[in-house]
Amino acid sequence: MLASRNKSFLIGLPKRVVLWAVLLAATLLGTYVLEKNTRNENLDSLSFLSGDPDRGARLFSQLGCNACHSIFGIGQTAGPDLAKAPSGDWNPVRIVSELWNHGPQMWEKMQNAQLGFTRVSGRDMLDLLSYLYLIRYVDVPGNPARGKDLFSSKQCNACHALSSNSQEEGPNLARLDVATPILWAQRMWNHSQGMEARMSQKHIAWPVFENGEMLNLLAYLQENTSGKHLEANLFPAVPAKGKLLFAQKGCIQCHAINGDGGNIGPDLGSQHKAPPSLTQFAGLLWNHSPQMRSRMGKNTVPQPQFSEQEMADLIAYLYAVKYLDSVGRVDSGMQVFHEKHCSNCHGADGRGGKWGPDLAHWQAYSVVQMGYMVWTHGPEMYRKRRDRNISWPSVDEPELVDLIAFLNSL
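Residue 0 is where the sequence shown starts when you use numbering that gives the first Met the number 0, and the numbers rise one by one after that.
Source of the hints: derived by calculation from the structure; they are not laboratory data.
Derived CB-CB ranges, DEER-like:
| # | residue 1 | residue 2 | range |
| --- | --- | --- | --- |
| 1 | Lys108 | Lys383 | 15 to 23 Å |
| 2 | His287 | Lys201 | 19 to 27 Å |
| 3 | Thr299 | Gly72 | 50 to 58 Å |
| 4 | Lys272 | Glu107 | 32 to 40 Å |
| 5 | Gln61 | Lys272 | 33 to 41 Å |
Straight-line alpha carbon distances no greater than 20 Å define the calculated EDC-like cross-link-like pairs of lysine to aspartate or glutamate that follow:
| # | residue 1 | residue 2 |
| --- | --- | --- |
| 6 | Lys83 | Glu209 |
| 7 | Lys339 | Asp357 |
| 8 | Lys147 | Glu209 |
| 9 | Lys272 | Asp259 |
| 10 | Lys201 | Glu168 |
| 11 | Lys153 | Glu195 |
| 12 | Lys383 | Asp357 |
| 13 | Lys248 | Asp259 |
| 14 | Lys248 | Glu309 |
| 15 | Lys153 | Glu222 |
| 16 | Lys383 | Glu107 |
No residue lacks a Cβ here, since even glycine has one placed at the ideal position from N, Cα and C.
Whenever a hint applies, use it, and build me the whole structure from the sequences.
This is the structure:
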């Protein structure tokens with residue numbers, strides 16, 4: 000079970016997000032990269048964890064990746080820090096497209112530095128990608144000092160205190176039992192209606208948290224609370240149950256998933272950009288809760304309440320579902336195959352050419368398989384293209400998804 004795994008790859012990172020982040024990232028990676036036909040995949044399979052990010056972290060060192068790359072500023076600087084949040088969405092397809100696009104520069108630098116080139120297995124690539132994917136979703140530690148300022152400036156202290164003998168009317172946060180952002184989101188959502196009513200009576204505007212503010216606030220609360228932390232009870236989170244909750248709790252009346260559902264709120268399917276971290280998800284839920292509650296009131300929909308496990312399952316579903324429909328088009332993939340000059344070596348139909356093998360003889364193609372092929376065969380492919388004055392092609396995420404669809408059609 001993942002809950003019992005050694006989490007050495009997260010040593011030094013905030014404990015409050017480690018357990019949930021591991022579960023989320025491994026679930027998403029296993030979902031997206033291992034299934035050839037994800038559109039038809041039953042969500043029950045999403046609860047089985049495939050990639051091992053702990054082993055991926057060890058491979059990151061063993062394979063020499065840390066000779067060029069750092070993680071959260073720890074390591075060498077010849078290449079970019081792979082833990083820093085990128086612009087745009089971060090997903091397994093993007094990781095592999097970045098690997099593809101920057102492969103030639105990496106291989107040349109490795110050759111010039113006489114670093115050697117270590118071969119990897121398909122399992123190695125899965126675990127390494129699991130680690131690299133996960134690390135982007137783990138929040139860097141918040142700033143408790145800034146969180147303390149926010150606790151006052153956002154007027155949280157008008158109702159709440161962090162002293163064991165305080166007489167404030169709101170719950171005493173000194174006994175807060177929130178250990179992860181997922182529980183933080185659950186607590187705030189369930190109590191937001193009562194808080195909004197009380198804030199209105201006190202003429203306090205609903206506070207909005209931007210960027211890393213929610214992370215700083217949570218860091219301050221974590222530093223000043225003594226309540227029993229509830230972490231392990233969230234395992235395992237099951238996206239299939241989250242899908243049922245999405246309908247049962249009435250979310251689907253306002254929000255659609257890839258066009259299936261209401262249109263009052265945004266469609267939360269594959270085209271919706273997920274928050275870059277779990278704490279920011281909690282902040283987003285808080286920021287929009289008054290507007291959502293107002294809409295629910297107009298439609299006579301009661302505000303649903305969530306248990307800790309229900310919130311875990313729901314968010315696992317919302318993060319996972321954005322990857323379920325990314326199945327490429329064969330015709331577009333064939334066009335990519337020719338435009339990128341893959342056909343020069345592998346033949347016009349992909350079934351073998353003068354300089355490249357028959358690609359129809361490979362196992363089913365997936366994102367992980369593509370990453371494995373680029374890293375294992377890329378240097379030789381790059382050398383052959385360079386010898387023939389054929390430039391190395393860049394691929395974006397849609398092109399890579401379409402190319403995989405074409406290769407699977409052979």
